[in-house]
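Chains as they are written, first to last, in the numbering used here: chain A, 21 to 362; chain B, 21 to 362; chain C, 21 to 362; chain D, 21 to 362.
One thing to keep in mind: the hints can contain errors.
Claimed, not checked - The list that follows gives simulated cross-link-like pairs (lysine-lysine, PhoX-like), each with its CA atoms no further than 25 Å apart:
{"#": "1", "chain 1": "C", "residue 1": "K249", "chain 2": "A", "residue 2": "K305"}
{"#": "2", "chain 1": "C", "residue 1": "K249", "chain 2": "D", "residue 2": "K65"}
{"#": "3", "chain 1": "A", "residue 1": "K118", "chain 2": "A", "residue 2": "K65"}
{"#": "4", "chain 1": "B", "residue 1": "K24", "chain 2": "D", "residue 2": "K65"}
I should point out that these hints are in silico values taken from the structure, not numbers from a laboratory. Source: prediction; values computed, not measured.
Protein chains: 4
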Amino acid sequence: MQMKKIGIGLVGFGYWGPNLARNFSAQQGCTLVGIYDLDAGQRQKAAARFPTALVTADYGALLAREDIQAICIATPVFTHFELAKRAILAGKDILIEKPITRTVEEGRELVALAEARGRILAVDHTFLYTGAVQKIKEVVSSGQIGDVLYLDCVRTNLGKFQEDINVIYDLAPHDLAIINHLVDGEPTSVMAMGACHSGSGLENIAYLHLEYPGGVVAHCHLNWLAPVKIRKILIAGSQKMVVYDDMDAMDKVKVYDKGITVVEDREAVLKLKVDYRSGDMWSPKVATREALDAEAQHFLACVRDRHRPLCSGEDGLKVLRIIEAAQRSLENGGERIFLQPA
Amino acid sequence: MQMKKIGIGLVGFGYWGPNLARNFSAQQGCTLVGIYDLDAGQRQKAAARFPTALVTADYGALLAREDIQAICIATPVFTHFELAKRAILAGKDILIEKPITRTVEEGRELVALAEARGRILAVDHTFLYTGAVQKIKEVVSSGQIGDVLYLDCVRTNLGKFQEDINVIYDLAPHDLAIINHLVDGEPTSVMAMGACHSGSGLENIAYLHLEYPGGVVAHCHLNWLAPVKIRKILIAGSQKMVVYDDMDAMDKVKVYDKGITVVEDREAVLKLKVDYRSGDMWSPKVATREALDAEAQHFLACVRDRHRPLCSGEDGLKVLRIIEAAQRSLENGGERIFLQPA
Amino acid sequence: MQMKKIGIGLVGFGYWGPNLARNFSAQQGCTLVGIYDLDAGQRQKAAARFPTALVTADYGALLAREDIQAICIATPVFTHFELAKRAILAGKDILIEKPITRTVEEGRELVALAEARGRILAVDHTFLYTGAVQKIKEVVSSGQIGDVLYLDCVRTNLGKFQEDINVIYDLAPHDLAIINHLVDGEPTSVMAMGACHSGSGLENIAYLHLEYPGGVVAHCHLNWLAPVKIRKILIAGSQKMVVYDDMDAMDKVKVYDKGITVVEDREAVLKLKVDYRSGDMWSPKVATREALDAEAQHFLACVRDRHRPLCSGEDGLKVLRIIEAAQRSLENGGERIFLQPA
Amino acid sequence: MQMKKIGIGLVGFGYWGPNLARNFSAQQGCTLVGIYDLDAGQRQKAAARFPTALVTADYGALLAREDIQAICIATPVFTHFELAKRAILAGKDILIEKPITRTVEEGRELVALAEARGRILAVDHTFLYTGAVQKIKEVVSSGQIGDVLYLDCVRTNLGKFQEDINVIYDLAPHDLAIINHLVDGEPTSVMAMGACHSGSGLENIAYLHLEYPGGVVAHCHLNWLAPVKIRKILIAGSQKMVVYDDMDAMDKVKVYDKGITVVEDREAVLKLKVDYRSGDMWSPKVATREALDAEAQHFLACVRDRHRPLCSGEDGLKVLRIIEAAQRSLENGGERIFLQPA
């Protein structure tokens, strides 16, 4: 007996939409039934690439299709809430681009609605589906690095400034989703500092300083104005430390043997400074499968089996709450903003 | 006619003292006349290594030597003030380890005393004498990178915790001396955040966030608990950017062609994200001379010609003022501390 | 007036064929008219992906299509000759996978036939169309590195052994095409050494040593059994040197200032050994466009304007001649084999 | 009861001599009794640095000293034989710079003489005493990498050409000593190819191809004309592979999990090509102790306990035999030269 294929409706065929289309159409268990976009040019491209799909500018027509069980939303963030709400009310499951919505308030309403209607709501924080992050989660969860002490994240790109959002809204979602996932929690406070080097008033460089329960500290350097692309996370545990360098094709994940050593003798301290690293290092091979392929497969399984996704609406909302608090801190000169548990 | 050699007295033959002794004794224009240390074992080593020098536990005897013009102080910081003061009062010029003194108050008194007595007072911020920092200073001063927009510094070592000072006092002097030197100024405010992962109460990881006049931002990540040794500074200018990686033996300094580009089209922004870097890169060959050799030569020239040193007592004091303010911020949960111009 | 689109017929939809299909179908000036494959499964994939194309197991039917001007051949090498010959006789232009044919004899016949019939014959040595190789060619041709003195190539992969060809036939075509292109010539002799570590009798590691006119030496290390993937070429000129590291996403091409220095004083020689590199380095930004996209565009332009391709049948034949000679050397214990000019 | 200190006589205070002097004088169990050099300037430096040592231009006077048990020879290679012979005849043990002598004939005589007189004869192939090579030897000897299949060595420097010897005599001794040590054997044949880019007639680039018993292949790329300094050895075993990169301060030694996989399906082969490396990697921490310090300590222990050194005269002779054969091959256009077991 063959399993019935899940019908997918894609909303938005701009930058990210084609990637979703390509990955979902390559899955065994689904069919790309329809594609919605308001732009005629994008619809033309969609039709050429997916000749058997319904391509439309009428969102109602897409939602009316009974052979569509799930909607993937890849439109600008200010449209997320309305589009997702209508889809949930139409009985569809949802995969939505990050950030989940424009405001925490909208996000809360959406999560509650999905809950009430029994719909799957997944947020596309793609990095959680990379081989590297999955390997790191496995290493951290195994306990082998001991207690997590701090996480230090650096994420830069190459001097392309956006005009509608600042660097925090653009880049922080990636790191915050990863951090929350790895420590399995939410921060209790956040501070944000930044600077704007164009006339736009939007910060192009920012630093976030987060505190998590148990004294865990996380720090993010977010930067649009860097000469090289950096995506690096350092995770220090009480027993070992992990370095995740996403730009290193060979050795993305490195695990260093290392505990804390308190040294009393100052001369010994200084002599130890000549060392380059602290112990043996192990670099596991990391799956090179495209993250979005893994994510599409996972989402389809959640739809089929009615499971909560790895990155649910609640998870997306947690990330957005931090970003809103960071924005408030930024506007108040770096003031520490405390977050109540959701 | 041969120039008269400058007589040097070395104070402290612990960790750093032997390096000073080796480098000064290798200079043409000076003689290592005497070495003072309170520890008998260190004195024995000093005598074996420099059999012609006076080796003594009597500081007065050293200062009494008329053939000693300059005193190099390489003892623990709490002793700096008294030792340097006595030496200045005895008419000696001074090269003193960083930080200049334990407190800003002591430092101010020392600087004023040296000024009043017409003595050279140099502080040993060795990095300013490296080929790399000198090349970067040259590049920045030439104007080719445009206005300096921000500096981001990362300095880590390998999990050896000290018991008397925190990571800011240990590592920040290096970066702060370099930053002040490159931007030729002092910060107007500083924030500091940190965490302690041993029972000592002394922070082993800290972040400093500094603002300099003209909107220049500087950020330092200081860390005793890292798996690898990092010493990296990123300097963004409005025209070009510089990356200084002190652990990269091949390419310590890289200068990237790069200006700011404001992109209006969101799709264009996202597509640009696939690039790895932003323009051509130029990596000048950097002098590999030992920094302390250059510094010793420079100090001797200052003594001979009565010039103000590249890194004077005032410069050392400016660094210490930032550190004291950072410590205050740290103790107040990251509060922004404003600094008055000295 | 719109230009008439060039019709393309693709032969082989196995590993490389889909890449050709994707890139040609994305070009403005052509239409992917038909796809031929003997395997029913591959035909099914081709039909799903290119629903408007003729998908067939009948080669004659493809060649009979008058709206097909050019045939792209991406089948196993032993089929190249027959398929290409029939296509040329049917009046089609040809883009053929490397190596051009199984034997030099076949290659010669094919080149002569294309010449006689006035057909474009291009060989798909894709690396020549990468941004990196094109930048290096530009640098070398500009004369700024002086005379080329030697080229040293290393190309490894990860221990996957093939059962039909040895490592020379698999990997050498890439390097030989690049070398011939950069020095704009052919070698006068070749030596080959190798070893087999499986029971197959096929070498999995080999070294080629080539001499080109004017004393230029080229050396290739070809290896299926390496722990990491290496693709590196070092090009020494009398004035400067170029390092091409294809696995380095950031700095693929580096140009080092460097001339020859003859040192008479042995002590000076030994002291110079402490340096890490020899002069300033310049790393140009390299176009990140997919090579096959550039190649498809170039081939279409050649078809339209009847130009000789950057990598013609003759060029492909020159590479194959070296490989055959290398194979002969290998079978004779590394004997030097001399090559007559074609 | 204190052990009597071993008296050391140093011959040659040029480039390497001061390093020997510094390291031997820092050992507990010995005294640097005398230093011999024909150059007055070098004698002056030696006397300033080691004021308690006899500094002389009279070799006989050095040999006559009864408190000298061992002679370290660090003079140009053409003087090695005579100096060492006289020292052995005077009853001294010997540590001699590489290469052991100018010719194999001389080397054989020296080894025989030391044997006959019961003298320790050690050759200073310093790399064998590095933490990296010792760790690799340990890994290889443990059997964990399986059978050694091949070794690939690259050793370059920066375009400083010598006028008395070619690049093989200059650089090959390092790699050959390491290879012989790791495989615990000698090659059965050697081929050498090279080129000269100055007018001197001395090769500045050369490749050696060696075969060892059991089908083990070793290849060396030796180069004076490179833009960057490379010192890299790849050791492939049937189970795992080792990469030794001496210029990588962080990760000098890497061990990769990897066996041979024979792949029958060509498409599978090609798809596997997208991977960057082959399995988990482990990078052991390597001792950072100065190699010459370890070597001095080892030599003193051999002198005291009459043990055969890790790198004996025989070992030095084996290296020289390969170099002589390589030179012969070079002069015969790369002809394979067979070596008889010593």
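Against the structure, the hints come out as follows:
With a CA separation close to 14 Å, the supplied pair K249(C) and K305(A) stays within the 25 Å bound. Of the supplied pair hints, the one linking K249(C) and K65(D) is violated, its CA atoms being roughly 49 Å apart against a limit of 25 Å. A hinted pair counts as satisfied when its Cα atoms are at most 25 Å apart, and K118(A) with K65(A) qualifies at roughly 24 Å. This hinted pair checks out: K24(B) and K65(D) have alpha carbons roughly 21 Å apart, not beyond 25 Å.
In summary, the one numbered hint that this structure violates is 2.
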